[in-house]
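Colleague: Heads up, the sequence shown is in the working numbering, so the first residue is 1 and it goes up one at a time.
Everything labelled a hint here was simulated from the structure, so no lab data went into it. Hints are not guaranteed to be accurate.
[As the list claims (entries may be wrong)] Pairs of lysine to any residue, SDA-like flavour, derived with a Cα cap of 25 Å:
hint: 1; residue 1: Lys247; residue 2: Gly174
hint: 2; residue 1: Lys357; residue 2: Glu401
hint: 3; residue 1: Lys204; residue 2: His265
hint: 4; residue 1: Lys374; residue 2: Lys257
hint: 5; residue 1: Lys257; residue 2: Glu401
hint: 6; residue 1: Lys247; residue 2: Ser91
hint: 7; residue 1: Lys357; residue 2: Ser44
hint: 8; residue 1: Lys247; residue 2: Gly84
hint: 9; residue 1: Lys357; residue 2: His265
hint: 10; residue 1: Lys190; residue 2: Gly124
hint: 11; residue 1: Lys204; residue 2: Glu401
hint: 12; residue 1: Lys374; residue 2: His265
hint: 13; residue 1: Lys247; residue 2: Thr86
[Stated by the list, open to error] Here are the computed distance ranges between Cβ atoms for each label pair:
hint: 14; residue 1: Arg164; residue 2: Ala370; range: 30 to 36 Å
hint: 15; residue 1: Gly202; residue 2: Thr332; range: 28 to 34 Å
hint: 16; residue 1: Leu458; residue 2: Gly202; range: 52 to 58 Å
hint: 17; residue 1: Ser55; residue 2: Leu458; range: 52 to 58 Å
hint: 18; residue 1: Glu69; residue 2: Gly459; range: 37 to 43 Å
hint: 19; residue 1: Val250; residue 2: Gln131; range: 20 to 26 Å
None of the values given here were measured: they were computed from a predicted structure. Every residue gets a Cβ at the ideal spot worked out from N, C-alpha and C, and that includes glycine.
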Amino acid sequence: MKHRGRHRRRRRGQALRATLAGTALALTAAATLISTSQATGSNSPGALTPLTSASETGRLRLHENLVAEDTLSTLTRSMGGNVGVTGVLASADHAMRDGADCSDTERAALPLEPVATRAYCWAGDDARTQQWLPASVTTSGDADDDGQWGGQRVILAGWTHNDRAAGASATDRGLARVAFIDATDPAALKYRWVLLVAPRDGGKDFGAVRSRMGGMVWYQDKLIVTAQNGAGQDDALLVFDLHRILKAGVNSGVIGKVSGGYSAHGYQYVLPAVGSYSPAGGTCGSGDTGANPCFGSLSLDRTSTPDSLVATEGLTSGDDARTRIWRYSYSTVADREGLLADDSLGRVDAREAYTTKAGGLSGVLSHTPAGARKADWYVGHTPDSGGRHGTLWRQSGSGTEAVQCTADQSYACWGLHTASLSYWQETGELWTLSGTGTDTVPERVLYAVPLAAVDRSLG
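Sequences are here, hints too, so could you generate the full structure?
Modeller: Below you can see the structure in the form of structure tokens.
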């Protein structure tokens with residue numbers, strides 16, 4: 001897949017924005033059904049504080065580890081070759097419900113303000129299961145600046161296994177899967193599940209990848225996913241190649257090589273890891289007060305030069321420590337598409353880093369408005385207590401603003417239990433999903449709001 005020029009714009013994006021704008025009217029009525037008594041205030045986290053000392057920024061350093069090409073080729077050849085994103089979408093076997101067809105309970109997860117212009121709910125068991133939780137989102141708007149991948153508009157939604165669910169087995173613990181959603185027709189989204197795995201035995205076998213999927217970014221032909229799964233481990237991020245989606249020919253509960261071929265725990269497709277990034281200072285969460293941060297959420301910033309991966313550390317809102325947010329540059333070297341910029345020793349350093357008083361972050365986004373010199377940082381806050389809407393802050397080095405509810409002038413009017421943030425540059429939409437980190441169902445909605453509407457709602 002050739003990566004196109006980052007500054008190109010297409011008229012179809014303008015037409016699509018005009019078409020989708022009318023969709024907000026259909027969702028406005030649903031949003032007004034939500035009781036504004038849920039919208040309580042939230043303390044301002046204040047301005048961002050830059051991290052400038054080498055000892056502070058050095059804790060964010062990563063080391064790149066790539067899987068040997070021979071290993072990847074062996075696995076790809078053994079499993080019959082790359083199926084590709086197009087092949088997965090062609091076999092999509094689940095249909096998403098449009099916002100109008102979502103239940104009242106599901107629509108109650110949408111933000112009070114600004115109103116979602118698009119909303120979709122999951123099919124059948126995916127809307128009700130206690131075994132899996134939605135956690136992150138990225139799109140072909142991240143992958144390529146024309147918003148398409150092979151002529152299709154695609155959304156990827158990462159889900160993690162709910163290890164606390166009743167009846168959860170040790171075998172399933174920490175499993176990670178991605179919904180590949182064909183969004184080419186905004187009125188008829190459909191999807192197929194793909195299981196994340198890692199090559200073993202020189203590519204002759206593969207095993208499960210276990211991740212909370214708190215963050216995920218699809219850039220060029222690579223998918224970078226947070227690796228932290230609640231237990232100490234060396235990897236901070238995992239890397240996958242969208243040109244290496246493979247088909248499992250045996251349908252069984254096993255993950256890996258079996259008699260007659262390969263099995264993927266009942267899934268037809270697998271996406272094997274091609275590399276990882278590990279904290280240079282040691283396992284995440286180790287050191288004085290967890291000096292080596294565990295990754296919480298990820299997003300892409302196409303307004304930086306070069307394009308960059310934005311990250312926040314995973315902390316609960318009850319933690320006293322300030323939360324770190326930072327960015328890494330993507331490589332501009334021709335044979336390193338979708339990988340982070342590193343030095344000759346494989347070291348990846350943060351290009352910019354801050355701390356914020358905002359705790360319990362469920363998403364982060366950096367975006368520089370046209371004509372501005374500095375980026376705005378959007379961070380989502382999810383309350384500790386269930387049943388309350390979140391808050392979306394816009395922070396900078398000079399201050400903080402929050403999306404404000406018109407009804408009572410409070411700030412808890414973002415979505416309910418929202419996950420990571422993804423900005424679709426072509427359409428100006430900010431995408432997220434609800435239902436993450438909670439066992440409460442049904443409230444799982446994939447939705448979009450215009451970033452411009454977010455800015456207008458700030459108070």
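Colleague: Enumerate the violated hints, using their earlier numbering and listing them in ascending order.
Modeller: Violated hints: 4, 5, 9, 11, 12, 14, 17, 18; rest satisfied.
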